[in-house]
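Respectively, the protein sequence lines represent chains L and R.
The working numbering puts the first residue of the first sequence at 420, with every later residue one more than the last.
The working numbering puts the first residue of the second sequence at 733, with every later residue one more than the last.
For the chain R half of the interface with chain L, some residues (derived, Cβ under 10 Å), not all of them:
#1 K733
#2 Y763
#3 N764
#4 L765
#5 F768
#6 K774
#7 G775
#8 L781
#9 A824
#10 G828
#11 N829
#12 T830
#13 P831
#14 F834
#15 G835
#16 K836
Listed next, the in silico DSSO-like pairs over lysine-lysine satisfying Cα-Cα at most 30 Å (straight line):
#17 L:K476 with L:K428
#18 L:K489 with L:K476
#19 L:K490 with R:K733
#20 R:K836 with L:K476
#21 R:K774 with L:K476
#22 R:K836 with L:K433
Derived by calculation from the structure, the hints in this document are not laboratory data.
Just so you know, even glycine gets a beta-carbon here, dropped at the ideal spot from N, CA and C.
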Amino acid sequence: NAGVTQTPKFRVLKTGQSMTLLCAQDMNHEYMYWYRQDPGMGLRLIHYSVGEGTTAKGEVPDGYNVSRLKKQNFLLGLESAAPSQTSVYFCASSLRGGGHGYTFGSGTRLTVV
Amino acid sequence: KQEVTQIPAALSVPEGENLVLNCSFTDSAIYNLQWFRQDPGKGLTSLLLIQSSQREQTSGRLNASLDKSSGRSTLYIAASQPGDSATYLCAAGPPGNTPLVFGKGTRLSVIA
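Take the sequences, apply the hints, and build the full model.
The structure is reproduced here in structure tokens:
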């Protein structure tokens, strides 16, 4: 049982390049989330999804897009990377809302130069 | 907007000490309060979840309490061990489908 898997684990991008981070869960969870974690800033919510085909903005959505075409996958896209997007990105999923049963992936460390 | 604050930001204690980590939240209309552990370079692992109707939860040497009226939660760690060294984050679960709101964490070092 893999839980939540994030790919890639590490990436270096040049300013202006685009990329997609993939989050996959095998627990049949309805809810999925993307957070970024920066020193001194804690975990901040980027976007989330309450079910297949749905997405919603979080606290810091600018510069990111997401898609949830399949229930098990939640993609985070950076169309034109900026140095300010250098961060560690965490995906999480939960069976339902209300904060229950969050399972986190191991993170993607992204550096934009 | 819910805000979650954790004090102190970092804590260093000798092995064997009992310790308390603090968490405060601004909106008492929470569904639950959770504590997570994060090891360096890793994701978060859920430790304890306290429902809004509960006062505390216990797991082994860990005890978490919740006082909604004062907007506070504490995580008590008994007989601390070097293996407890990690960052501890608390998160408030708003009602409805809204995701968890996290504090910035307390980085704990237990010195052997």
